[in-house]
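Peer 1: Next come the chains, spelled out residue by residue.
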Amino acid sequence: MSILEVRDLDVRHGLLQAVRGVSLSLEAGETLALVGANGAGKSTLLRAIAGASPAPAGGAIVFDGEDVTRRRAHERVRGGIALVPEGRLLFPNLTVEENLLVAARPGPWNVAKVVEAFPMLAERRRHRAATLSGGERQATAIGRALMSNPRLLLLDEVSLGLAPVAVDDVYRSLKTVIESGTTVLLVEQDLTRALETAQRVVCMLEGRIVLEGAAGDLTREQITEAYFGLHHDNGGVART
Amino acid sequence: MTWVNAVVQGVLLGGLYALFACGLSLLFGVMRIINLAHGDLAVLGAFLIWQISTSFGLSPFVALIPALVVMLALGYVLQKTMLTRSLRGGPLIPLLATFGLSIVIQNGLLQVFSADVRSLGGQAGPIAHASWTITDQLSIPVLGVVVLATAVAVLGGLQLVLRRTGIGREMRATAQDADTAGLVGVPSSSVYARATAIAIATATLAGMFLALRSTFSAASGPTQLIFAFEAVVIGGLGSLWGTLGGGIVLGVAQTVGAQFDPQWSILAGHLVFLLILATPRGRSLDLGGVRA
Chain Z
1 MSILEVRDLD
11 VRHGLLQAVR
21 GVSLSLEAGE
31 TLALVGANGA
41 GKSTLLRAIA
51 GASPAPAGGA
61 IVFDGEDVTR
71 RRAHERVRGG
81 IALVPEGRLL
91 FPNLTVEENL
101 LVAARPGPWN
111 VAKVVEAFPM
121 LAERRRHRAA
131 TLSGGERQAT
141 AIGRALMSNP
151 RLLLLDEVSL
161 GLAPVAVDDV
171 YRSLKTVIES
181 GTTVLLVEQD
191 LTRALETAQR
201 VVCMLEGRIV
211 LEGAAGDLTR
221 EQITEAYFGL
231 HHDNGGVART
Chain H
1 MTWVNAVVQG
11 VLLGGLYALF
21 ACGLSLLFGV
31 MRIINLAHGD
41 LAVLGAFLIW
51 QISTSFGLSP
61 FVALIPALVV
71 MLALGYVLQK
81 TMLTRSLRGG
91 PLIPLLATFG
101 LSIVIQNGLL
111 QVFSADVRSL
121 GGQAGPIAHA
131 SWTITDQLSI
141 PVLGVVVLAT
151 AVAVLGGLQL
161 VLRRTGIGRE
171 MRATAQDADT
181 AGLVGVPSSS
191 VYARATAIAI
201 ATATLAGMFL
211 ALRSTFSAAS
221 GPTQLIFAFE
231 AVVIGGLGSL
241 WGTLGGGIVL
251 GVAQTVGAQF
261 DPQWSILAGH
271 LVFLLILATP
281 RGRSLDLGGV
291 RA
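Heads up: the sequence lines are chains Z and H, in that order. Per the numbering used here, residue 1 is the first one in the first sequence, and the count goes up by one each step. Per the numbering used here, residue 1 is the first one in the second sequence, and the count goes up by one each step.
It is possible that part of the hints are untrue.
[Claimed, not checked] One-sided excerpt, in silico: chain H residues whose CB lies under 10 Å from chain Z:
no. : residue
1   : Ile-34
2   : Arg-172
3   : Ala-175
4   : Gln-176
5   : Asp-179
6   : Gly-182
7   : Ser-188
8   : Thr-215
9   : Ala-219
[Unchecked claim] Below, a sample of chain H positions facing chain Z; criterion: calculated Cβ distance under 8 Å:
no. : residue
10  : Glu-170
11  : Asp-177
12  : Thr-180
13  : Leu-183
14  : Val-184
15  : Pro-187
Just so you know, the hints here were simulated from the structure itself, not pulled from any lab data. Built from N, CA and C at the ideal position, the CB exists for glycine as well.
One chain only, chain Z, in its complex shape (with noise of 0.2 Å):
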């Protein structure tokens, strides 16, 4: 059964329309990454799903068979969405363990296990956030949103902006956390990463989706090509 079903969804800022017509539905314990060239709208939608502005213009987001298109951001976390935004926003004047446990709620999560998880911040725990390294700091996003014990965790650009020694410690955390049976929707611009890590693939390019397929099916030069709209429709199933 889907946990999450996107249907027919529009968001735009302002005038631009940034995610057209979208449906997408995503199994319990599955791995999606979304990936696309930037503007594509992956991020968009990704905030869309958490509850962050902007609101979306029309289609309905429906979680665990509930709709929750018109919950605002807290109840949807309350409600089992965790959202790990591109560029951390973590809390800069909180240690790592006050960002963690800000956002804790009862359940396996807790600081212990997320520093089990990510022992890179074992030794930053009473470190204020604004002292991190980058990867420190994904790390704490992506185990503040842990800490929340989310049903569905969302990762915008999980990569961006870190070394690649860094992207590597994280991903490596991020697969213990995908093997406990979280299910993960992963934007991400590393295109190897994504079919590593991903059971399935979405390719979207303005507002759309262009490609999808599972991530063993599809290969580096199809998503390629969709991310620059000239996709063939020769494995995945391609959208217009």
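Given the structure of chain Z, go ahead and fit chain H onto it with the hints provided.
Peer 2: Positioned in the frame of chain Z, the structure of chain H alone reads:
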């Protein structure tokens, strides 16, 4: 010794200013609004305590308890209704809304209680006038010490809440980034409502001490707002312990100024405030939100 006495009285007066200022500082730190009705809400609290105290023959310290409950609830409702709506309109709208609220409170109090001045000193018993005489020229009023101790306890308590509790973490997170706080499950409207309730409760406490140590009327609010604002700015916006320091600096400036000429008392406080504003620290005031 006269000068020592002036400084001691100033430090004790600073406790009252710090109490007035801490609610203003908290609201600014968490919500980025300057509540222009803060002084009037304190005076409203003082009238409420006066009314309960005279109607039931209670000590003002006992009457404070039901008054605090009423004012806490008023703060919560005020945030959930008026302030939440005005915050959506940008930074100027809350300023105008609280200015309007200030006028409504002043005129409401005038209508109900007239323009007569009142005091709670008579109902409070000997504590209002008792003092420890150290020398002929130096005496320490008991009430002044109680006010300063209360200010330290309130500011210390708030500091503890902000640093050690979940509510405090939520307030600090919301103060830093309300939108992101929402994305991690913290509803900013509830955090704001709690902050407003606490701010108005501390204003009520300050209002009671003002009424115990001097007189008050429906028109007393704006003056207290100015002193509170000066204490907040001198101490650093959003800093709770800084607010205590700011209150004490303002209080000492006023009492030392009065030593030169009684008419210089208030003026000296304003001059110190302006001097601090003119310093590099004053010109680069930290707007970084509530700190703990």
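Peer 1: Measuring from the C-beta of Gln-176 (chain H) to each C-beta in chain Z, is the shortest one below 10 Å?
Peer 2: holds (5 Å)
Peer 1: Hold the hint about Leu-183 (chain H) up to the distance rule: shortest CB distance to chain Z must be less than 8 Å.
Peer 2: Cβ of Leu-183 (chain H) sits 5 Å from chain Z, so the hint holds.
Peer 1: Closer than 10 Å between Cβ atoms is the bar; does Ala-219 (chain H) clear it against chain Z? Give me holds or violated.
Peer 2: violated (40 Å)
Peer 1: Hint validation: Glu-170 (chain H) versus chain Z, beta carbon distance must be below 8 Å. Holds or violated?
Peer 2: Since the shortest Cβ distance to chain Z is 6 Å, the answer is holds.
Peer 1: Tell me if the interface restraint on Gly-182 (chain H) is satisfied: Cβ within less than 10 Å of some Cβ in chain Z.
Peer 2: OK, holds: Gly-182 (chain H) within 10 Å of chain Z, min 4 Å.
Peer 1: A closest beta-carbon separation below 8 Å is what the hint needs, so does Pro-187 (chain H) meet it against chain Z?
Peer 2: With a closest approach of 4 Å, the Pro-187 (chain H) hint holds.
Peer 1: Can Ser-188 (chain H) be said to touch chain Z, with a Cβ gap under 10 Å?
Peer 2: holds (8 Å)
Peer 1: Against chain Z, run the beta carbon of Thr-215 (chain H) and see if the smallest gap drops under 10 Å.
Peer 2: Nearest chain Z Cβ about 42 Å off; hint violated.
Peer 1: Does the nearest C-beta of chain Z fall within a distance shorter than 10 Å of the C-beta of Ile-34 (chain H)?
Peer 2: violated (21 Å)
Peer 1: Answer holds if the nearest beta-carbon of chain Z is closer than 10 Å to that of Arg-172 (chain H); otherwise answer violated.
Peer 2: holds (6 Å)
Peer 1: Does the closest beta carbon of chain Z sit nearer than 10 Å to the beta carbon of Asp-179 (chain H)?
Peer 2: Nearest chain Z Cβ about 7 Å off; hint holds.
Peer 1: Answer holds if the nearest beta-carbon of chain Z is closer than 8 Å to that of Thr-180 (chain H); otherwise answer violated.
Peer 2: Since chain Z brings a Cβ to about 5 Å from Thr-180 (chain H), closer than 8 Å, the hint holds.
Hint violations for this structure: numbers 1, 8 and 9, all remaining hints satisfied.
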